[in-house]
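Taken in sequence, the protein lines are chains A and B. First residue of the first sequence: 1, per our numbering; consecutive thereafter. First residue of the second sequence: 1, per our numbering; consecutive thereafter.
Hints in this document: simulated from the structure, not taken from any laboratory. One or more hints might be untrue.
[Stated by the list, open to error] Sample of chain B residues with no beta-carbon within 10 Å of chain A, all distances over it, derived:
# : residue
1 : Arg-151
2 : Gly-226
3 : Lys-227
4 : Asn-407
5 : Pro-605
6 : Ala-628
7 : Ala-633
8 : Arg-645
[Stated by the list, open to error] Taking lysine to aspartate or glutamate and the EDC-like style, the derived pairs with C-alpha atoms no more than 20 Å apart in a straight line are:
#  : chain 1 : residue 1 : chain 2 : residue 2
9  : B       : Lys-622   : B       : Asp-695
10 : B       : Lys-698   : B       : Asp-627
11 : B       : Lys-664   : B       : Glu-560
12 : A       : Lys-147   : A       : Glu-183
13 : B       : Lys-336   : A       : Glu-129
14 : B       : Lys-536   : B       : Glu-662
15 : A       : Lys-134   : B       : Glu-337
16 : B       : Lys-179   : B       : Asp-246
17 : B       : Lys-336   : A       : Glu-163
18 : B       : Lys-698   : B       : Asp-684
19 : B       : Lys-285   : B       : Asp-243
20 : B       : Lys-285   : A       : Asp-180
21 : B       : Lys-536   : B       : Asp-661
22 : B       : Lys-268   : B       : Asp-660
23 : B       : Lys-601   : B       : Asp-470
24 : B       : Lys-536   : B       : Asp-660
25 : B       : Lys-285   : A       : Asp-181
26 : B       : Lys-227   : B       : Asp-314
27 : B       : Lys-622   : B       : Glu-639
28 : A       : Lys-134   : B       : Glu-339
29 : A       : Lys-147   : A       : Glu-61
30 : A       : Lys-147   : B       : Asp-314
31 : B       : Lys-534   : B       : Asp-512
32 : B       : Lys-536   : B       : Glu-508
33 : B       : Lys-285   : A       : Glu-183
34 : B       : Lys-285   : A       : Glu-182
35 : B       : Lys-637   : B       : Asp-627
Just so you know, even glycine gets a beta-carbon here, dropped at the ideal spot from N, CA and C.
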Amino acid sequence: MSTNHRIVAIGAAVALLAYGAVSLGDDPAAAPPTASATAKPDAEAAPLSSLAAFDASIPTETSPTPTAVEWRDAPEVAPTRRGPRASGCKTYRVREWIRIACSELVTASIATLGGTVQGNAYWIDPQTEGKDAKLPSGGEMVFPVRKGDRRVIQILTFGPGYEGPLTQLPAIVVQEHWLDDEESPVLTIL
Amino acid sequence: MKRCGHTARSARRLTSTAWLVTACSVLVAVSQASACGDGADLGPAPSSVAASSSAISSPATTSSPVTLQAPARALEAPLTGGLVARFPGTESIVIADEDHRALRIASDASTVDSAGGFATVQLPGPPANVVAWNDTILVTVRDPGLLVKLRVEGGSVREVGKTPLPPDAWGLAVSKDGKRAVVTSAYANKVAAVDIDAMTADGSTGPVWIADTTREPRGVVIAADGKTAWISHIVGSRLTKLDGVDTSAATVSRVDLAASALRAPSGKSLSAALGYALALSPDGKRLFAPRHALGAMGREAWFGAATVDVLRTDTASGIAPLHQGNALMLRSSIAKETETPDTLANLPAEPLAPFTQPRDIRYRTTTRTLLVAGEGDNVVAELDALALDPTLSVMRTYKIGSDVDPNLGTARSGGAPSGIALSEDERFAYVFCRSTYDFVRIPLSTDPLSAEPPAPIQTVRIDTDPLSEDAAKGRRLFYDATDRITSGGLACAGCHPEGRDDGHVWHEASFDTPDGGTRANFVGTYENVPDLAKTKGFPRRTAWLVGRVDAQGPYGWRAESATLGDRIQAGMGLHRWGGLPAHEPANVAARSAYLTIFLRKGLVPPARSTTAELGPLERRGKEVFGDATAACASCHKAETSFTDRVAHPLAALPLVRGFDDEPKQAFKTPSLAFVGNRGPYFHDGSATSLERLIDNNKDRMGKTTHLSEADRAALVAYLKTL
Numbered sequence: 001m002s003t004n005h006r007i008v009a010i011g012a013a014v015a016l017l018a019y020g021a022v023s024l025g026d027d028p029a030a031a032p033p034t035a036s037a038t039a040k041p042d043a044e045a046a047p048l049s050s051l052a053a054f055d056a057s058i059p060t061e062t063s064p065t066p067t068a069v070e071w072r073d074a075p076e077v078a079p080t081r082r083g084p085r086a087s088g089c090k091t092y093r094v095r096e097w098i099r100i101a102c103s104e105l106v107t108a109s110i111a112t113l114g115g116t117v118q119g120n121a122y123w124i125d126p127q128t129e130g131k132d133a134k135l136p137s138g139g140e141m142v143f144p145v146r147k148g149d150r151r152v153i154q155i156l157t158f159g160p161g162y163e164g165p166l167t168q169l170p171a172i173v174v175q176e177h178w179l180d181d182e183e184s185p186v187l188t189i190l
Numbered sequence: 001m002k003r004c005g006h007t008a009r010s011a012r013r014l015t016s017t018a019w020l021v022t023a024c025s026v027l028v029a030v031s032q033a034s035a036c037g038d039g040a041d042l043g044p045a046p047s048s049v050a051a052s053s054s055a056i057s058s059p060a061t062t063s064s065p066v067t068l069q070a071p072a073r074a075l076e077a078p079l080t081g082g083l084v085a086r087f088p089g090t091e092s093i094v095i096a097d098e099d100h101r102a103l104r105i106a107s108d109a110s111t112v113d114s115a116g117g118f119a120t121v122q123l124p125g126p127p128a129n130v131v132a133w134n135d136t137i138l139v140t141v142r143d144p145g146l147l148v149k150l151r152v153e154g155g156s157v158r159e160v161g162k163t164p165l166p167p168d169a170w171g172l173a174v175s176k177d178g179k180r181a182v183v184t185s186a187y188a189n190k191v192a193a194v195d196i197d198a199m200t201a202d203g204s205t206g207p208v209w210i211a212d213t214t215r216e217p218r219g220v221v222i223a224a225d226g227k228t229a230w231i232s233h234i235v236g237s238r239l240t241k242l243d244g245v246d247t248s249a250a251t252v253s254r255v256d257l258a259a260s261a262l263r264a265p266s267g268k269s270l271s272a273a274l275g276y277a278l279a280l281s282p283d284g285k286r287l288f289a290p291r292h293a294l295g296a297m298g299r300e301a302w303f304g305a306a307t308v309d310v311l312r313t314d315t316a317s318g319i320a321p322l323h324q325g326n327a328l329m330l331r332s333s334i335a336k337e338t339e340t341p342d343t344l345a346n347l348p349a350e351p352l353a354p355f356t357q358p359r360d361i362r363y364r365t366t367t368r369t370l371l372v373a374g375e376g377d378n379v380v381a382e383l384d385a386l387a388l389d390p391t392l393s394v395m396r397t398y399k400i401g402s403d404v405d406p407n408l409g410t411a412r413s414g415g416a417p418s419g420i421a422l423s424e425d426e427r428f429a430y431v432f433c434r435s436t437y438d439f440v441r442i443p444l445s446t447d448p449l450s451a452e453p454p455a456p457i458q459t460v461r462i463d464t465d466p467l468s469e470d471a472a473k474g475r476r477l478f479y480d481a482t483d484r485i486t487s488g489g490l491a492c493a494g495c496h497p498e499g500r501d502d503g504h505v506w507h508e509a510s511f512d513t514p515d516g517g518t519r520a521n522f523v524g525t526y527e528n529v530p531d532l533a534k535t536k537g538f539p540r541r542t543a544w545l546v547g548r549v550d551a552q553g554p555y556g557w558r559a560e561s562a563t564l565g566d567r568i569q570a571g572m573g574l575h576r577w578g579g580l581p582a583h584e585p586a587n588v589a590a591r592s593a594y595l596t597i598f599l600r601k602g603l604v605p606p607a608r609s610t611t612a613e614l615g616p617l618e619r620r621g622k623e624v625f626g627d628a629t630a631a632c633a634s635c636h637k638a639e640t641s642f643t644d645r646v647a648h649p650l651a652a653l654p655l656v657r658g659f660d661d662e663p664k665q666a667f668k669t670p671s672l673a674f675v676g677n678r679g680p681y682f683h684d685g686s687a688t689s690l691e692r693l694i695d696n697n698k699d700r701m702g703k704t705t706h707l708s709e710a711d712r713a714a715l716v717a718y719l720k721t722l
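From just these sequences and the hints, can you work out the full model?
Written out as structure tokens, the structure reads:
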């Protein structure tokens with residue numbers, strides 16, 4: 001995806017923030033975390049072996065939510081584990097902030113299953129209407145990685161199941177923790 | 001001595017590099033029915049042998065030559081027992097085959113391809129857990145309670161030591177220095193430490209210390225420093241921690257570990273069952289506890305969920321966060337439009353049972369993963385050991401059950417995987433399946449997340465079922481959770497482990513299900529019942545089966561089932577979500593018939609330390625029990641296993657929170673067999689101990705208010721001998 005394309009996506013996404021995002025920020029006065037989740041990444045994530053580890057030199061001091069520009073320039077990093085279901089998900093880092101973007105994933109919902117919620121922000125691309133209507137494709141989340149963390153977040157997709165063709169089904173589970181007996185944080189996306 | 005055909009063949013497979021051990025020199029006669037599996041029903045094992053050296057009647061014996069690869073090194077880590085143990089530094093393994101009362105030893109588990117590759121060591125009783133290193137094998141024996149030490153020495157296997165232990169010796173771990181063993185005794189609720197070097201051939205040296213625990217201690221692990229041990233239980237979610245394991249008197253404490261924290265109803269802690277095993281991470285910082293979370297939430301979660309709960313050892317606290325019902329969530333607009341009351345978007349949507357009835361666990365260091373044996377669904381699941389909740393991060397599943405019985409739906413090969421050992425390079429898992437007596441070798445992927453298809457597994461039938469063919473079918477049904485007619489995803493053994501009980505009080509609730517109609521089903525907690533049903537269900541405590549199912553009938557809480565078979569069939573309808581799938585009545589009848597045979601022939605009552613002679617207190621209690629005024633024996637008739645099998649109307653017990661009030665209060669007199677160690681009591685579990693039950697009876701059953709405190713204590717003491 002070109003830089004121009006990303007900028008267009010930023011504009012479209014910001015316009016839809018009212019119903020496409022939810023967050024629990026550290027500082028309400030800071031830029032909305034979901035504003036960061038606006039650059040559409042490429043569909044295929046890079047092999048983990050080619051990326052820097054997400055926890056390399058991660059700062060321990062607290063910083064504000066990154067801006068959209070910071071996210072645009074953020075490098076893709078490798079989580080501790082990434083499963084086949086998350087092969088289309090990219091992970092980015094700015095300071096201690098992590099953004100996981102699953103741009104091609106039909107996303108029904110994103111839910112905190114447990115743990116830290118401070119700083120969490122979720123984003124679901126809106127479905128398109130009209131002739132080219134399609135299900136919401138693209139889910140993202142942003143959260144800080146800080147000592148003492150533990151969080152489990154789930155992305156559900158749509159598929160045939162017990163509630164018909166639009167049953168919410170498991171897609172991805174993100175688990176992040178940095179307990180105080182751990183030298184470095186762990187981030188798994190399976 | 002008559003030698004089994006397959007073990008005779010094993011002699012031809014010895015290699016020149018192997019350490020040949022000709023154990024025949026120490027042989028005594030071996031039961032052919034037991035050693036060779038000729039199909040004869042053995043019946044229940046002796047129910048009780050005192051845990052004293054005088055009760056140790058026969059040493060371990062071998063029925064065939066044994067070979068081991070040469071031992072390579074001293075211990076590098078503590079050893080955790082299981083049904084399968086590998087000699088570190090080699091591919092030699094030993095298997096504890098409880099039903100044949102034997103150890104099975106393979107010189108090279110990486111290549112063994114026939115039953116002849118296993119040698120058999122007959123034991124003085126049924127083994128439970130085994131560990132092995134260098135030239136030493138340690139094995140727990142359930143009845144009589146023993147720790148037996150075998151030595152592979154000078155070309156033979158010798159029993160070189162044994163230590164009498166509280167009966168039903170089960171779990172086993174050995175400290176890194178090889179000096180101390182910690183053993184759990186399941187039915188006795190004890191844990192003991194044994195000085196391995198001090199074990200004597202005549203069993204004259206007892207444990208260093210014995211400590212009390214709560215019900216059914218099973219798995220045990222020892223920390224690398226040898227000072228701390230952890231114990232799992234098949235009843236309850238708490239673990240037991242032992243400090244000062246290396247001293248002369250350990251300190252016992254209880255540790256809370258929430259079961260399936262992310263699936264618990266908000267603000268609630270779930271009970272657990274099936275805590276057969278534990279595993280420590282190599283750095284000792286994390287303790288992994290596979291078990292069954294009773295009442296865990298999820299779609300159609302009648303039985304709860306399989307879980308691996310992770311404990312942080314330095315703080316003795318679980319690392320998984322608790323479920324938050326109102327935590328941050330974002331739904332797409334389509335999700336909002338299409339969701340129904342059944343949508344559970346803020347609960348884990350992953351399967352409730354990526355494995356069913358966890359039975360063993362091993363930490364795979366090279367991949368930082370966990371291998372869990374699913375006894376009920378015949379799989380070995382590989383989970384992420386780095387996750388807060390490994391159950392939500394299943395990386396690969398190895399299906400080992402096969403040759404499915406077309407009539408019963410159970411696996412006839414690879415059934416009930418119950419023990420795992422890893423090869424030295426961790427490229428293979430060696431598994432023992434206890435309902436089909438198979439050894440299974442699983443090639444493990446070096447990258448469990450890779451898309452490469454799993455390599456074929458190899459299965460070797462070690463022996464045949466020691467029971468009749470019909471009982472063997474019942475055994476497979478008892479363990480197998482995959483047959484949708486017998487139950488809805490959880491086998492008999494899931495709630496009645498070894499025919500005992502999980503200590504849980506279920507909710508018998510009637511509600512609508514998608515397959516149509518309103519039916520009564522069991523659920524783990526009232527939060528599992530759909531909100532629209534507006535019911536919490538009636539309390540039904542899991543029944544203890546073993547040793548209490550010989551009577552013709554009737555069965556059921558209200559004596560509503562004329563026979564045991566009828567009761568099993570009723571259970572098939574209750575133990576699921578919704579109704580029985582389409583079936584022919586004969587299929588249900590056949591299953592209950594096979595299960596009836598197995599429950600009566602195959603379940604083994606727990607070993608107990610009872611003796612023929614009652615002590616003074618117990619004798620007094622027996623007098624009170626038989627006294628006409630107290631009238632205990634008028635319903636709990638001794639000649640019929642302490643029950644008259646009649647449903648008597650009784651005064652209602654106070655309503656237990658979380659259940660519905662029950663208009664009908666007539667319950668069948670329960671048998672008092674094994675009543676001493678199967679609390680809590682009553683259909684609602686409201687009496688947590690026999691002492692409380694008697695103290696709070698208030699003449700509800702018989703007459704006890706006139707009894708002195710001493711007589712009440714005597715009565716309880718007597719009840720504990722039954």
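To see whether the hints hold, each was checked on the structure:
1. With a closest Cβ-Cβ approach of about 40 Å to chain A, Arg-151 of chain B is found to remain outside the 10 Å limit, as its non-interface label requires.
2. Against chain A, the non-interface label of Gly-226 of chain B holds: every CB pair exceeds 10 Å, the least being about 21 Å.
3. At roughly 18 Å, the least C-beta separation between Lys-227 of chain B and chain A is larger than 10 Å, which holds for a residue marked as non-interface.
4. For Asn-407 of chain B, the shortest C-beta to C-beta distance to chain A comes to about 29 Å, beyond the 10 Å cut-off, and the non-interface label holds.
5. Consistency note on Pro-605 of chain B: stated as away from chain A, and its beta-carbon is indeed over 10 Å from all of that chain's, at 42 Å minimum.
6. Every CB of chain A lies more than 10 Å from the CB of Ala-628 of chain B, the least distance being 58 Å, so the non-interface label holds.
7. Against chain A, the non-interface label of Ala-633 of chain B holds: every CB pair exceeds 10 Å, the least being about 53 Å.
8. Once the 10 Å rule is applied to beta carbons, Arg-645 of chain B is consistent with being away from chain A; the minimum gap is 42 Å.
9. A hinted pair counts as satisfied when its Cα atoms are at most 20 Å apart, and Lys-622 of chain B with Asp-695 of chain B qualifies at roughly 17 Å.
10. Restraint check for Lys-698 of chain B and Asp-627 of chain B: satisfied, since their Cα atoms lie roughly 17 Å apart, inside the 20 Å limit.
11. Annotation: proposed proximity of Lys-664 of chain B to Glu-560 of chain B holds, straight-line Cα distance about 13 Å (limit 20 Å).
12. Straight-line distance between C-alpha atoms of Lys-147 of chain A and Glu-183 of chain A comes to about 9 Å, which keeps the hinted pair within the 20 Å bound.
13. Proposed proximity of Lys-336 of chain B and Glu-129 of chain A is supported: the alpha carbons are some 16 Å apart, at most 20 Å.
14. Distance hint between Lys-536 of chain B and Glu-662 of chain B is fulfilled; the C-alpha atoms sit about 11 Å from each other, no more than 20 Å.
15. This hinted pair checks out: Lys-134 of chain A and Glu-337 of chain B have alpha carbons roughly 15 Å apart, not beyond 20 Å.
16. With a CA separation close to 9 Å, the supplied pair Lys-179 of chain B and Asp-246 of chain B stays within the 20 Å bound.
17. For the proposed pair Lys-336 of chain B and Glu-163 of chain A, the alpha carbon gap of about 13 Å is at most 20 Å, so the pair holds.
18. Restraint check for Lys-698 of chain B and Asp-684 of chain B: the C-alpha separation of about 17 Å stays at or below 20 Å, so the hint holds.
19. Note on Lys-285 of chain B and Asp-243 of chain B: the hinted pairing holds, with a Cα-Cα distance of about 16 Å set against a maximum of 20 Å.
20. As the CA atoms of Lys-285 of chain B and Asp-180 of chain A are separated by approximately 12 Å, the hinted pair is consistent with the 20 Å bound.
21. Only pairs whose Cα atoms come within 20 Å are accepted, and Lys-536 of chain B paired with Asp-661 of chain B is accepted, the gap being roughly 9 Å.
22. Between the alpha carbons of Lys-268 of chain B and Asp-660 of chain B the distance comes to roughly 19 Å, so the proposed pair stays at or under 20 Å and holds.
23. Restraint check for Lys-601 of chain B and Asp-470 of chain B: the C-alpha separation of about 10 Å stays at or below 20 Å, so the hint holds.
24. At roughly 5 Å between alpha-carbon atoms, Lys-536 of chain B and Asp-660 of chain B fall within 20 Å of each other, so this suggested pair holds.
25. Under the criterion of a C-alpha separation no larger than 20 Å, the hint pairing Lys-285 of chain B with Asp-181 of chain A is consistent with the structure, at around 8 Å.
26. Restraint check: the Cα-Cα separation between Lys-227 of chain B and Asp-314 of chain B comes to about 13 Å, which is no more than 20 Å; the hinted pair holds.
27. For the given pair, Lys-622 of chain B sits about 14 Å from Glu-639 of chain B by alpha-carbon distance, which is consistent with the 20 Å threshold.
28. Using a Cα cut-off of 20 Å, the hinted pair Lys-134 of chain A and Glu-339 of chain B holds, with the two alpha carbons roughly 18 Å apart.
29. Pair hint Lys-147 of chain A plus Glu-61 of chain A holds up; C-alpha atoms about 9 Å apart against a cutoff of 20 Å.
30. In summary, the hint linking Lys-147 of chain A to Asp-314 of chain B is supported, as the alpha carbons are separated by about 17 Å, within the 20 Å threshold.
31. Only pairs whose Cα atoms come within 20 Å are accepted, and Lys-534 of chain B paired with Asp-512 of chain B is accepted, the gap being roughly 11 Å.
32. Distance hint between Lys-536 of chain B and Glu-508 of chain B is fulfilled; the C-alpha atoms sit about 8 Å from each other, no more than 20 Å.
33. For the hint pairing Lys-285 of chain B with Glu-183 of chain A, the CA-to-CA distance comes to about 12 Å; that is within 20 Å, so the pair holds.
34. With a CA separation close to 9 Å, the supplied pair Lys-285 of chain B and Glu-182 of chain A stays within the 20 Å bound.
35. Taken as a hint, the Lys-637 of chain B and Asp-627 of chain B pair is honoured in the structure, with Cα atoms around 12 Å apart against an allowance of 20 Å.
Of the numbered hints stated above, none is contradicted by the structure.
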